[in-house]
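Protein chains in written order, with the numbering used here: chain A, 764 to 1152; chain B, 2 to 161.
Keep in mind that the hints are not guaranteed to be accurate.
[Stated by the list, open to error] Capping the alpha-carbon separation at 35 Å, the derived lysine-lysine pairs in DSBU-like fashion look like this: (1) A/K1054 <-> B/K49; (2) A/K826 <-> A/K847; (3) A/K779 <-> A/K1092; (4) A/K1150 <-> B/K49; (5) B/K83 <-> B/K8; (6) A/K1054 <-> B/K142; (7) A/K1073 <-> B/K3; (8) A/K1139 <-> B/K142; (9) A/K1139 <-> A/K779.
Simulated from the structure, these hints should not be mistaken for laboratory data.
Everything numeric in this text was worked out from a predicted model, so none of it was measured.
Each chain is listed here by its residues.
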Amino acid sequence: MIDYSKILNPVVTAMKPSGIRRFFDIANTMDGVISLGVGEPDFQTPWQIRKAGISSLEQGKTKYTSNTGLYQLLEEISNYMERKYSVTYSPKDEIMVTVGGSEAIDACIRAVVSPGDEVIIPQPSYVCYEPITQLAGGVPVIIDTKAEDDFKVTPQLLRSAITDKTKLLILPYPCNPTGAIMEREDIQALSDVLEDTNILVLSDEIYSELTFGTKPHAAVASVDGMWERTVTVNGFSKAFSMTGWRLGFVCAPKEILKQILKIHQYAIMCAPTTSQHAAIEALKSCDEDVKIMVNEYNMRRRLMVAGFNKIGLSCREPKGAFYAFPSIKSTGMTSEDFCEKLLYSKKVAVVPGTAFGNSGEGFIRVSYCYSTEHIKEALSRIEEFIKEI
Amino acid sequence: MKYEILKLLARNARLSSEEIGTMLDIAPEKVDAAIKELEHDGLLRGYKALVDWDKLDGAYVSAIIELNVVPKAGLGFEEVAKKIMSYREVESVYLMSGVYDLNVVVKGKTLQDIAWFVARELSTIDSVTSTTTHFVMRRYKEMDVELVSSDEDDRGQLWI
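Please model the complete structure; the sequences and the hints are all you need to start from.
So this is what it looks like as structure tokens:
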């Protein structure tokens, strides 16, 4: 008999499955469940983007592209980064098209981290940074961001986590699940801490289009002193409602990009060709579509935040992404307990904050990628739940 | 602000002033005042339910009637349009560009109702020179709402 336990990679077998998964599994066995759990847009990909994809298929453009991606797309990305975020990356050797932002994160961490290197990961945050670091033999150093700091990485938090083994800092802003953003001055303060170190930054800016303040999104690489040490990850999924097209990109100084490219070259070869043709159209002509979607998210966001505060679950204003992160501490329940009871008694699926790190305890993540009617119904069920406990 | 309020109400007339205020980040009293003004100025003409009558057998059929009309000197199409819109069977009346003049949507309980109405009422109006009746067979989308799509959420359940 083959003994799988001796074959499989212990780093992988020790990985915890995502905490979100468990709730979907329970919800799936029940009828009439309404969810606030989904982390992707409910909008269709704008028609002209789909049309560009279809048209590329009709023209038979179904071969591999170059490893880094279609040159026209690289140029459009370069323009976009300049136009939107005032950062300059050359389409020649500083940009690469990837299979979603996810591949970019994976390839970047693998290109940078050697066994024993420390990677600073702020939490609560998206679930992938820790396991990918571990796979690369790196050591995750978790810093717990706090509600009273609006879930930002402060210079104090960063300083306390840096050792002589620190190789990489992850900056996941705008943040899933907290909705936190880092303003230019917040990033500048971190830049001052990092000055004269050899620490790189992986800035996951996949939600960069979805910010709701008066100031535009501040790209980490656009802050003084950051460009040379920053790998910027972004993509098409959230901004252009293109999740299923699996398309992202990574921008970095050419010395770094060269190494990331090798991993991409061997593991992936190139991002999907049809999606690349569609993405050119997205960057060229969809600013207006993005604006309409962002405006819609903004209205739902306000509705949701006001709703939770009215119910008595205090909810800070999320300034980015499409999640709110209300506190459930007033109920005295743990996050897991709250979510499970809410699901069983009112058939509303939300995600416990602990799915995004221990510091998510006392919070739940709710997505507003739903119609206002759906959000209102969910809120009214949650209100009933709170009244009954 | 008024335009934003109109857009929201056009999508869902049951939103409360408080909800509209929250969504647009303005005080509910301001929303109330704006709605009053919009009603007074005649921009907001009513609040009606969007009913999928096809789900109720025998309750509703409709037809689009194309009318050719001889306009009256000094009055144009106003006089005949006013006469036509006064019938309770008539849902809407539009003056059209192109090969015919008036587009009239007529509703009834049966095809027969509509046929009689066109024959007895519309086609006998003096200035009406011809009518072409198109019965509506299926309504796919009405007032921005898809009537035939399923509400199922087809998003995959991912670990994100």
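Now for the hints, and whether the structure bears them out:
1. A/K1054 <-> B/K49: This hinted pair holds, its Cα atoms lying about 29 Å apart.
2. A/K826 <-> A/K847: Roughly 31 Å between the alpha carbons, so the hint for A/K826 and A/K847 holds.
3. A/K779 <-> A/K1092: Measuring from Cα to Cα gives roughly 25 Å; hence the hint holds.
4. A/K1150 <-> B/K49: Holds - the C-alpha atoms of B/K49 and A/K1150 are around 34 Å apart, at most 35 Å.
5. B/K83 <-> B/K8: holds, 29 Å
6. A/K1054 <-> B/K142: holds, 25 Å
7. A/K1073 <-> B/K3: Status holds; Cα separation ~26 Å.
8. A/K1139 <-> B/K142: Holds, at about 24 Å.
9. A/K1139 <-> A/K779: holds, 34 Å
Comparing the model with each earlier hint shows no violations; every hint is respected.
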